[in-house]
Each structure stands twice: as C-alpha cells, then as structure tokens.
Amino acid sequence: MIGRNLTLEELEDSIHQAFVSWGALANDGENVLDSLLLSQWAVDDQDPEGGWPRSPIERRRATNRMLIQAIEELAKKDETEAKVLEARFVQGQIIRDVANRLYASTDQVNRWQRLAIKDLAQILYSRELALREERYRSLESALPAPPYTRLFGLEEMKRQGVEQLLEPEDAWVLSIVGIGGIGKTSLADAIVREVLTHLRFERVLWLRAGGRPMSGEPLPPEELFEQLTLMMVEQLFSELPPLSPDERSRQLRQSFIAKPHLVVVDNLETDESTTHVLREIKEFVEPTKFIVTSRSRPTVGVTSFFLSLEELNWQYAAELLRYHAQSIGLAELAEAGDETVDAVFQVTGGNPLALKMVASLAAVLPLPAILDELGHGRTGPIEDLYRNIYWRAWRMLSEDARSLLQAMPLVSESGALPGQLMAISGLTEVTLWPAVTELVSRSLLEVRGTLNERRYGIHRLTESFLRTEIINWE
Amino acid sequence: MPSAQFIASLQANLAYWSDHSGLTDPTAWPALDRERGNLFRAVIFGLRQNKTWSKAAHLTLSCYTYVFERGYWSEWSAVLEQALDACAEDDLAVKARLLNQLGNLYRKQRRLEDAQTAHEKAQALGSALGDTMLIAQAQLGLGRVYRRRLQYDLADNYASRALAKFEALGISLKNAAHARNLLGVTALGRGDYEAAATHLSQACDLFCQAPEPVEYGRTAVNLSEALGRLGRVDDALELLKEAASIFTQYNHQGERARLYVSLGFLHYSQNDLVEAEAAFRKAYSPAMRRGGPIYLRAVTEMNLGNVLLQQGCIEEARDYFLSAVNGFRLAGAQTMLANSLDGLAETTLAAGDPQEAIALYREALAIVQAVPEDAFARRMEARFLGFIKELQSAIDADA
Numbered sequence: 170m171i172g173r174n175l176t177l178e179e180l181e182d183s184i185h186q187a188f189v190s191w192g193a194l195a196n197d198g199e200n201v202l203d204s205l206l207l208s209q210w211a212v213d214d215q216d217p218e219g220g221w222p223r224s225p226i227e228r229r230r231a232t233n234r235m236l237i238q239a240i241e242e243l244a245k246k247d248e249t250e251a252k253v254l255e256a257r258f259v260q261g262q263i264i265r266d267v268a269n270r271l272y273a274s275t276d277q278v279n280r281w282q283r284l285a286i287k288d289l290a291q292i293l294y295s296r297e298l299a300l301r302e303e304r305y306r307s308l309e310s311a312l313p314a315p316p317y318t319r320l321f322g323l324e325e326m327k328r329q330g331v332e333q334l335l336e337p338e339d340a341w342v343l344s345i346v347g348i349g350g351i352g353k354t355s356l357a358d359a360i361v362r363e364v365l366t367h368l369r370f371e372r373v374l375w376l377r378a379g380g381r382p383m384s385g386e387p388l389p390p391e392e393l394f395e396q397l398t399l400m401m402v403e404q405l406f407s408e409l410p411p412l413s414p415d416e417r418s419r420q421l422r423q424s425f426i427a428k429p430h431l432v433v434v435d436n437l438e439t440d441e442s443t444t445h446v447l448r449e450i451k452e453f454v455e456p457t458k459f460i461v462t463s464r465s466r467p468t469v470g471v472t473s474f475f476l477s478l479e480e481l482n483w484q485y486a487a488e489l490l491r492y493h494a495q496s497i498g499l500a501e502l503a504e505a506g507d508e509t510v511d512a513v514f515q516v517t518g519g520n521p522l523a524l525k526m527v528a529s530l531a532a533v534l535p536l537p538a539i540l541d542e543l544g545h546g547r548t549g550p551i552e553d554l555y556r557n558i559y560w561r562a563w564r565m566l567s568e569d570a571r572s573l574l575q576a577m578p579l580v581s582e583s584g585a586l587p588g589q590l591m592a593i594s595g596l597t598e599v600t601l602w603p604a605v606t607e608l609v610s611r612s613l614l615e616v617r618g619t620l621n622e623r624r625y626g627i628h629r630l631t632e633s634f635l636r637t638e639i640i641n642w643e
Numbered sequence: 341m342p343s344a345q346f347i348a349s350l351q352a353n354l355a356y357w358s359d360h361s362g363l364t365d366p367t368a369w370p371a372l373d374r375e376r377g378n379l380f381r382a383v384i385f386g387l388r389q390n391k392t393w394s395k396a397a398h399l400t401l402s403c404y405t406y407v408f409e410r411g412y413w414s415e416w417s418a419v420l421e422q423a424l425d426a427c428a429e430d431d432l433a434v435k436a437r438l439l440n441q442l443g444n445l446y447r448k449q450r451r452l453e454d455a456q457t458a459h460e461k462a463q464a465l466g467s468a469l470g471d472t473m474l475i476a477q478a479q480l481g482l483g484r485v486y487r488r489r490l491q492y493d494l495a496d497n498y499a500s501r502a503l504a505k506f507e508a509l510g511i512s513l514k515n516a517a518h519a520r521n522l523l524g525v526t527a528l529g530r531g532d533y534e535a536a537a538t539h540l541s542q543a544c545d546l547f548c549q550a551p552e553p554v555e556y557g558r559t560a561v562n563l564s565e566a567l568g569r570l571g572r573v574d575d576a577l578e579l580l581k582e583a584a585s586i587f588t589q590y591n592h593q594g595e596r597a598r599l600y601v602s603l604g605f606l607h608y609s610q611n612d613l614v615e616a617e618a619a620f621r622k623a624y625s626p627a628m629r630r631g632g633p634i635y636l637r638a639v640t641e642m643n644l645g646n647v648l649l650q651q652g653c654i655e656e657a658r659d660y661f662l663s664a665v666n667g668f669r670l671a672g673a674q675t676m677l678a679n680s681l682d683g684l685a686e687t688t689l690a691a692g693d694p695q696e697a698i699a700l701y702r703e704a705l706a707i708v709q710a711v712p713e714d715a716f717a718r719r720m721e722a723r724f725l726g727f728i729k730e731l732q733s734a735i736d737a738d739a
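Sequence order for the protein chains is S and Z. If you're matching positions, the first sequence starts at 170 in the numbering used here and goes up one per residue. If you're matching positions, the second sequence starts at 341 in the numbering used here and goes up one per residue.
Calculated from the structure, these hints are not laboratory results. Quick caveat: nothing in here was measured; it's all calculated off a predicted structure. Treat the hints with care, as some may be off.
Calculated lysine-lysine pairs in the BS3-like style (CA-CA distance at most 30 Å, straight line) [as the list claims (entries may be wrong)]:
1) S:Lys428 <-> Z:Lys622
2) S:Lys327 <-> S:Lys428
3) Z:Lys581 <-> Z:Lys514
4) S:Lys246 <-> S:Lys287
5) Z:Lys448 <-> Z:Lys622
6) Z:Lys448 <-> S:Lys451
Make the full structure from the sequences, and use the hints.
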C-alpha cells in the first residue's frame, strides 16, 4: 500500500478517539488521523503556504474539518447515522438526549453510533487510498523513464538507500558512487520510486547534470551549480518572472526548508563538481534530502550516506546477461550454459552496460569472435573496453542507424523529439523508426520522456565515443 | 576537423531551430523551455565551425527575445560572449548586434559596468559602419543603464538621441516606443509627471501600432503611475484594467504582481487604504512570499508596511519593513531602501525608541543625499532632515 500502512480497524479507533476529544485543542498523543493525506490536505487548504511541520492546534482543527466533511458524505448514505455522530460528538449531547430526539432507545443509538463510525471509517479509508494513489502518480510523473527494466545485484543497496532517505534526520544526502555505466542512475531511480510510495516528500526533482555541449567536458563547478539551480527553479516555480542567481538560491532555500523535497542530482563527473555541489546544497537540506550520483566519493560538504557501486559478481552478471539476451530475443544466449556466460564475464567483468552491449553484438556476430576481439582490450582501463565495444557495435550498424547516431551529440541530456532526430539525421519518418529501434536494441540509444512524449538520447559514454572516434570533434 | 556528415547534421540542426516557430511565439515558450538544451546546443556547436558560424550567429540573434523574456540571462550571456569571441573581424554588423543584446542581458543581471562597456563598443562599431540603427540601439541600451543608476540626465540624453534616430529611420515603431518609454520612466524618476505622462502615452500608442501587446501592457502600467501622480485616477485605473486583461490573455503571470503593486499604490495615494491593502496582498502571492524577484517582493512588502502603518498595525508593518529593507539591500535599490528605512523608523518610534529611529533616519539620509537627481530622494531628504531635528530636540529637551 502506498504511504503509511493503514487498517480499517485502526482508523475506526482513531476516529472514535478524535470524536471523544472533539473539543480538545490538540490531539491527545499520536493520532493516526494526523498522518492521513486527507488531514494534511485539510490543513494545507486553510494555509497553503504554512511552514512544516504544522502545530498541534492546526492539525487538530484539520482533523475536525475532515471528520465534518466525512459526516456530510455519510449523510447521503445514511442520514440517521450522520445525525447520531453530529449530535453525540460535534454538539456534545449525551446518548439519552440523542435517543429522545430520535425516538429510539439508548441501545439503538449505541448501535447506530458503532455502525456510523464503521461507515465513516470506510468513507475515509476509500478517499485516503484514492488520494494516496493520485499523490503517488503525481510525484512519479516528475521522473524520467526508468533506464532499466530490472535491477540486478542492487537490492540490498536499494534497501539501504530507501531506509536512509526515510530517516527523518541526517544524513541529508545519499551519495551513489561508481564508474560510468555501472548502474548509478538505475539505482537512484529504483530508490526514488520506492521512497515515493511512502509519500514523505512534497515534490521530487530529477536533475541531470550536463557537460559542455561541444566537448562534453565537464562544466566548471560554479557554472554547473548555477545550471542545477536554474533547473530546480524551473521545475518548482513555472510561473515566476525570471530570477537572478541570488534570488534563485533564496527562493529554493525557502521552499526546501518549508517542506521536505527529494532532489536527485544525477551524473556529476568530477571531484571538483561533486565537492562543490555538496558544499552548496548544505543550505538547502533539512528537511529536504538529496540523492547525488557521481564518479568520485566526496570528502567535504554536507553529511552523506554513501553507496559505492562495484562491478556485479558473477551470479548477478549472469542473470543480467541472460535477462537482456531474452529481452532482445536472443534465446540461445539467454539459455546458454555457465561456460558461455563465464567467457563473457572474463571480458566484460560485471559492468552492466558492457554486458548488455556484448549481448546486443551477439545478436549479429559470433560470440567467440566478439570476445576474442574485446578480450585484447580488457587488460587496460575500462574505457578501453568500452571503446572496443563501441567500435564493434558501430561497424555493425546500418547506414541509417549510423546517420542518426553520429548526430546524437547535438542532443542535450533532456533528449530530442522525433522531429529534431529526423532533421539532424536526414532520415524520413519511414526510415527513422527502424533506425531508432536498431539503436535501442543495441543499447546505443536511450528512450526517455513519458508515454505521451518520447524523447531519445545517448549515454555519456556513447557521446564521448562518438565525439572522439567518429565525429572527430575537438 | 569534424566529419562532413556531422557538419551536415549541424547545418540541418540550425535550420531546424531557425524555422522553429516557437522562438517568436510567446504561447509556445513553455514548451520551448523543455527543448532549451537542444536549442542552445545547436547554437553552441554551430558557432564553433566556420562553415556554420554565420547561420548559428543569426539563430543566436533570433533567440534573443525568448531568452530575454524567459530570464535565461546568465546562461545566454555565456553564449553571446562565445559568439563574439568567434566572430570574424569583418563581421562588424553582427558583432554590434550581439554586443547590444549582451549589454541588455548584463543589465538584467545588474552587471551595469559590463553592460555599459558592451553598449559603448556597439555604438563605436555602429559609428564605424555608419549604421544609424545600430547606434540608436546602443544609445537606447546606454540610456537604460544610466537610468538604472538613477543618473537621469544621462539617461534622458541617450534616450532622446536614440529616439531621434529611430524616428528619422521611420522603420521600427517598437524601438521608438521603447525609447519613449525610457524617456517616460526617466521623467517619472525626476518627478516630472506631466512629461512622463506625455512620453508614456506616446509609447503606448506606438506599441499599439507595432503591435506589441505585452509591451503595451507594461508601458500602460508605467503610464498609470504617472496619471495617478497627476490626480487622473480614473484614467489610471482604466489602464491597469486593460493591462491586466492583456497579461492574462498572454499568460504573463510575472507582470501581474507589478500591476497589483501599481494598483495598490494608486489606491494608497487616494487614501483608500482597504483597497490598497487588498491589491498589495494580491501582489504578495504565495510564490512571491516564498521568494520571488527580490526587488519586486521588497516593493510589495514595503507598500504593505506603509498601508498597515497607516491603519495602526505597527507590529505587522514593522515585519514587512524589516523584510523590505533586507530585500532592497540585496537588490542594491538605494532610494527604495531609504524609503523602507523611513517606514521602519516610524514603527520604531511608535514602539518608543526615538534613539533607534534617529539612527535609521541618519542611515536613510546618507543614502538619499547620494542621489541628487532623483525627485523622490530629494523629497525624502527634506523629510528625514526634519525628523532628525525634531526627534533630537525632543530627546535633548527630555535630558
């Protein structure tokens, strides 16, 4: 269930408790009703810009408002039950007086009251579930399309990350560290989607850090941070007039401190930028939390909880390889024995992107030939392995796919729409989609955007290969 | 040297964005915001290659209105700087246009020295080319810079020279309207409300003919202030109503706050305190309360402070004045800072602390004495001097 676990019985008890203490200034102890989205909604409705957390008095008033609205809805179903609740708790009449008014016995009134609370709980329960679902969908819609269909070997890290983010106190930053193509973005995405089901955060912002458009070189840290704050403001405040950098920081600080937000900064490439970002976001945290994915582990800045991604072990690498092979229709590799998998693993190690690309190559070329060629490059840095894989993949591409791929460095992190893809590739609508499909199946093109607006982009490693090896851009 | 195929993709990409109707259609700008990264990449890549520089430079120039209105000043300044670095020595006309655009973006970022330098360079290039339009645009830019500095004589001088050139050219109503608007707001700053009303009214007519509805709306708000000062309240209210309708139609939410502030001030000047407070509170939207543009927020807070002070709500007024003072300090808006210090001093006095009030007045006095051209500053100077003398006498008498 989305949000805090809730049972009808628990809700009934809480409703009764709230009715009994109707006139109290604040709820006695912790009341389940306070945690309902319905209740929070009722508070926000009265004071949309109020700070967080709300005072006990504000919450009590919200609870009462919520109950009154629910009684009004109950009245449409059963007028008598509604009347009993209204008279007994809102007006504070004793049972005997209520019984007299309704020409009923006290036993009958007691029965009506019990049924009324049950029915009221059912009304609130249904509304709460619907609200939670709506809230979750709204939060989820802010996320880019997940870059994976299934995670391998990351369940424990995901659990740790979720737990850390749901802690009400520090660490305020979850830092996911690892080399390119190791799965940082996928892990961050999985953690965020899980965290969102708890409905603890007001909004989620997903920011993808960019590099210099021409060279792909990382931006200077200060420029990068300014770019990030611009993205934050755009996602949070679409209707404000333009702001200067100082104004933006002030605006963000106030919003992030007023209510808890979850901000993802994906793909920090250098030590300097990671350190700088972690230093600057100090003024934005608490209760807001950040997830930062980077290639290096920062040593200064706001208190962080670290998740360091290493290569997959053999077992998970095998699972990923077979799963991906299955997904691209390569049944033979999907069902291959351990010996075959081990041969691949000896070349790619547990690098997820490399495993996927080798599987994609094997759809067309003989696996031994692939491994033989790539095996020579494995003794060097991981970048050499990727370069060799990319070259292999490039040579296999159709002309149309090459026309599209070589132009993709012109596309920013947000991805491009089909119209722009056709323009930069020279392809037509008829020839574009087969090229897109081919590149996606080879793990060379990433699908982003939403169901209604698909956008296409490339991995940073792919861009780097294209610029240096194919386009020859200096 | 990049591959021929990539150069072809670059050229196609530039053509794609040059043909994109969203650049000149404000209703398409929210969607274009999502594409901004791709548009900027097209320009940046294109500027780096000789074969594509010219097309990229023209696309750069075409993006100006979108970038300016959407507030991407800092990001785009870097692009313009890059375009200038790569500009061929003999492409002086394009260089001058880029410099003028850059000057305007620097001004929006309060980089007034850089803005002045950029416009002066553009003016020099325009003179070398004998291009009247370029010179006029540079002079308009310089006028705006001087006005921002409250140097009204210079602002007036440059605005007049720009206007004369635009009118002589007779080809750009929009530019002439901007020059008239600048003359109008400069006159407002000087306290010459008749002249302000004349210029602003003419600016409105020109924007109407151009047609530039949003600019017309903005100028109408300026004109309403001048008319309000002249006691023509009904005319002023009509203009604000018209402007509100335009901003709604063209979805310019950012202008609405400024409009409500003007409306509130109009009511305040007529002593309609309840109406004034209602308008200021509309300007003080939830988004504005969370932050908003510092200057506009501070103006709103200062006005709320004034109206609440008049209604005897001293504590609440004081909170708004304190916030406004902070805001104007950050924004570097000296006369408004002095005005807020004035309000704060009044609340301090009402709370029974004349010494502290005197200190605030002294601070405000030092500020207004530094800007002798500003009519508002001159009025405040006389007022502050009077208060300081009166309060000091009272303190001395008690002692």
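Results of checking the hints against the structure:
| no. | hint | result |
| --- | --- | --- |
| 1 | S:Lys428 <-> Z:Lys622 | holds, 23 Å |
| 2 | S:Lys327 <-> S:Lys428 | holds, 24 Å |
| 3 | Z:Lys581 <-> Z:Lys514 | holds, 23 Å |
| 4 | S:Lys246 <-> S:Lys287 | holds, 13 Å |
| 5 | Z:Lys448 <-> Z:Lys622 | holds, 25 Å |
| 6 | Z:Lys448 <-> S:Lys451 | holds, 28 Å |
Violated hints: none; the structure is consistent with every hint.
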